[in-house]
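Order-wise, the sequence lines are chains A and B. Residues 1 to 218, numbered by the working numbering, are exactly what the first sequence covers, in order. Residues 1 to 218, numbered by the working numbering, are exactly what the second sequence covers, in order.
Please note that a few of the clues may not be correct.
[Unchecked claim] Below 30 Å or equal to it, Euclidean Cα-Cα: the simulated DSS-like pairs (lysine-lysine) are: (1) A/107 - A/122; (2) A/192 - B/141; (3) A/181 - B/120; (4) B/120 - B/181.
[Stated by the list, open to error] Pulled from the structure, derived: some chain A residues nowhere near chain B, Cβ distances all over 10 Å: (5) 158; (6) 189; (7) 206.
[To be verified] Covered stretches of chain B (chain A as the covering partner; in silico rule of three or more C-beta atoms under 8 Å from a C-beta of chain A): (8) 4-10; (9) 47-57; (10) 93-100; (11) 103-116; (12) 173-183; (13) 188-202.
Hints are computed from structural coordinates only; laboratory data are not their basis. Beta carbons are placed, not taken as given, at the ideal position from N, Cα and C, and that holds for glycine.
Protein chains: 2
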Amino acid sequence: MHAPKVTNQPTIKRLPSYLHIIESAQRDGKEYISGTVIAEELKLEPIQVRKDLALTGIVGKPRIGFPVDELIRAIYSFLEWDREHRAILVGAGNLGTALMGYREFNKRGMNIVAAFDLDKNKIGNSHHGTPVYSLGQMSEKIAEIGVDMAILTVPSGHAQAVADLLVRAGIQAIWNFTNIKLKVPEDVIVQKEDLSSGYAVLSVKMRLTHSQTANAEV
Amino acid sequence: MHAPKVTNQPTIKRLPSYLHIIESAQRDGKEYISGTVIAEELKLEPIQVRKDLALTGIVGKPRIGFPVDELIRAIYSFLEWDREHRAILVGAGNLGTALMGYREFNKRGMNIVAAFDLDKNKIGNSHHGTPVYSLGQMSEKIAEIGVDMAILTVPSGHAQAVADLLVRAGIQAIWNFTNIKLKVPEDVIVQKEDLSSGYAVLSVKMRLTHSQTANAEV
Numbered sequence: 001m002h003a004p005k006v007t008n009q010p011t012i013k014r015l016p017s018y019l020h021i022i023e024s025a026q027r028d029g030k031e032y033i034s035g036t037v038i039a040e041e042l043k044l045e046p047i048q049v050r051k052d053l054a055l056t057g058i059v060g061k062p063r064i065g066f067p068v069d070e071l072i073r074a075i076y077s078f079l080e081w082d083r084e085h086r087a088i089l090v091g092a093g094n095l096g097t098a099l100m101g102y103r104e105f106n107k108r109g110m111n112i113v114a115a116f117d118l119d120k121n122k123i124g125n126s127h128h129g130t131p132v133y134s135l136g137q138m139s140e141k142i143a144e145i146g147v148d149m150a151i152l153t154v155p156s157g158h159a160q161a162v163a164d165l166l167v168r169a170g171i172q173a174i175w176n177f178t179n180i181k182l183k184v185p186e187d188v189i190v191q192k193e194d195l196s197s198g199y200a201v202l203s204v205k206m207r208l209t210h211s212q213t214a215n216a217e218v
Numbered sequence: 001m002h003a004p005k006v007t008n009q010p011t012i013k014r015l016p017s018y019l020h021i022i023e024s025a026q027r028d029g030k031e032y033i034s035g036t037v038i039a040e041e042l043k044l045e046p047i048q049v050r051k052d053l054a055l056t057g058i059v060g061k062p063r064i065g066f067p068v069d070e071l072i073r074a075i076y077s078f079l080e081w082d083r084e085h086r087a088i089l090v091g092a093g094n095l096g097t098a099l100m101g102y103r104e105f106n107k108r109g110m111n112i113v114a115a116f117d118l119d120k121n122k123i124g125n126s127h128h129g130t131p132v133y134s135l136g137q138m139s140e141k142i143a144e145i146g147v148d149m150a151i152l153t154v155p156s157g158h159a160q161a162v163a164d165l166l167v168r169a170g171i172q173a174i175w176n177f178t179n180i181k182l183k184v185p186e187d188v189i190v191q192k193e194d195l196s197s198g199y200a201v202l203s204v205k206m207r208l209t210h211s212q213t214a215n216a217e218v
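Just need the whole structure built from these sequences, with the hints factored in.
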């Protein structure tokens, strides 16, 4: 069996930003929110927002918009954020520690139940409630705890070796924050996080601003 | 003047992953790389890869592919990663420190020249060669150094106040790692980084795998 291909990745990536805005409308006591309002907040086209949200099965009413509570439930259900995802984290360095402290993950169903590291100074500590164990205990702990996914924040040089250990321990989904393209069996899901993606967009926006300014100066 | 809208954001976000693969072909001494090979590596459709790369102005030759050196130069030039982007970082916590140590940024033209924090234990230190100053010195240092962009990694509660300070100091581009939707003048670029986006894609892939397995069991 192959890991599934997700064809509408750009849409799925936008859902968390929609959720922020819709939840803020909910906190403000609103019952409905229009696609146009969401589009303006995120600088997207309204048609794009409506198409994206249709994926969750909720259709807005003309002139009224989307029912807030129902839409939030539909997004949670679409992403399965309404159930717990038990995660472990490997590599309790700066990035790993930052992710353990990222409270939004918790709200979105992710529970980082254990972290692993090689550094004796880190083992035995806990960060934001997550205990840090030695890498040697990993397979045993995975079997004991029951884990849905692993977050990989080790130095790139160790990435493949740790991924091999994770696969051997039965992990089916890896969120890869390293620079390495991991080699894993075809049925293992790898989601690679690339911090350079956002920097690429920012760079193009800066370039466009420079040329706007240059044009304005002509 | 408004901050520019970037319409082909999904394409731009994919360029860094293309770059990884093309640079690895370059290290292997290859002169040409085919769109199909890139597509297979990234599990994309070949037509998507060719359309994306056309944005840089380079067109592949049938049966031969794209000239590796030329394509790398074209991507660098499209993203303006062939010139220096001087950045400051505000908030030298775990995430900020992780970003200061992220060597790939350096290769991509980003130079984090200074960091700022409120914590007296951090001020005066330096991380991966980047000195940490007090927040009170920020405006003065920005004027002195000459800065293209600011990376915002402060706790969410301080995000808007720090963004106001950055705008007042003349910063035109903010890479926002906080959860806050910043209010800034229309000509200031904000790129919001949302770590939940990757988690959303991973969650959908895990859900699809579960339903594959469930079907297989029927």
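Against the structure, the hints come out as follows:
Distance hint between residue 107 of chain A and residue 122 of chain A is fulfilled; the C-alpha atoms sit about 26 Å from each other, no more than 30 Å. Simply put, residue 192 of chain A and residue 141 of chain B have alpha-carbon atoms about 36 Å apart, too far for the 30 Å limit, and the pair is violated. As the CA atoms of residue 181 of chain A and residue 120 of chain B are separated by approximately 39 Å, the hinted pair breaks the 30 Å bound. With a C-alpha separation of about 28 Å, the suggested pairing of residue 120 of chain B with residue 181 of chain B holds against the 30 Å cut-off.
Consistency note on residue 158 of chain A: stated as away from chain B, and its beta-carbon is indeed over 10 Å from all of that chain's, at 15 Å minimum. At roughly 5 Å, the least C-beta separation between residue 189 of chain A and chain B is not larger than 10 Å, which violates its mark as non-interface. For residue 206 of chain A, the condition that its CB be more than 10 Å from all CB atoms of chain B is violated, with the nearest at approximately 5 Å. Residue count for the stretch 4-10 of chain B with a Cβ under 8 Å from a Cβ of chain A: 5. That meets the three needed, and the coverage hint holds.
Beta-carbon proximity to chain A at under 8 Å applies to 0 residues in the stretch 47-57 of chain B; the threshold of 3 is not reached and the given coverage is violated. Residues of the stretch 93-100 of chain B with a Cβ under 8 Å from some Cβ of chain A number 6, which satisfies the need for three, so the listed coverage holds. For a cut-off of 8 Å, the count of residues in the stretch 103-116 of chain B with a CB near a CB of chain A stands at 5, and the three-residue condition holds. Counting residues of the stretch 173-183 of chain B whose beta carbon lies closer than 8 Å to any beta carbon of chain A gives 4, which reaches the threshold of three, so the coverage claim holds.
Judged by the Cβ-Cβ criterion of 8 Å, the stretch 188-202 of chain B is covered by chain A as claimed, because 13 of its residues qualify and three suffice.
Consistency note: the structure conflicts with the earlier hints numbered 2, 3, 6, 7, 9.
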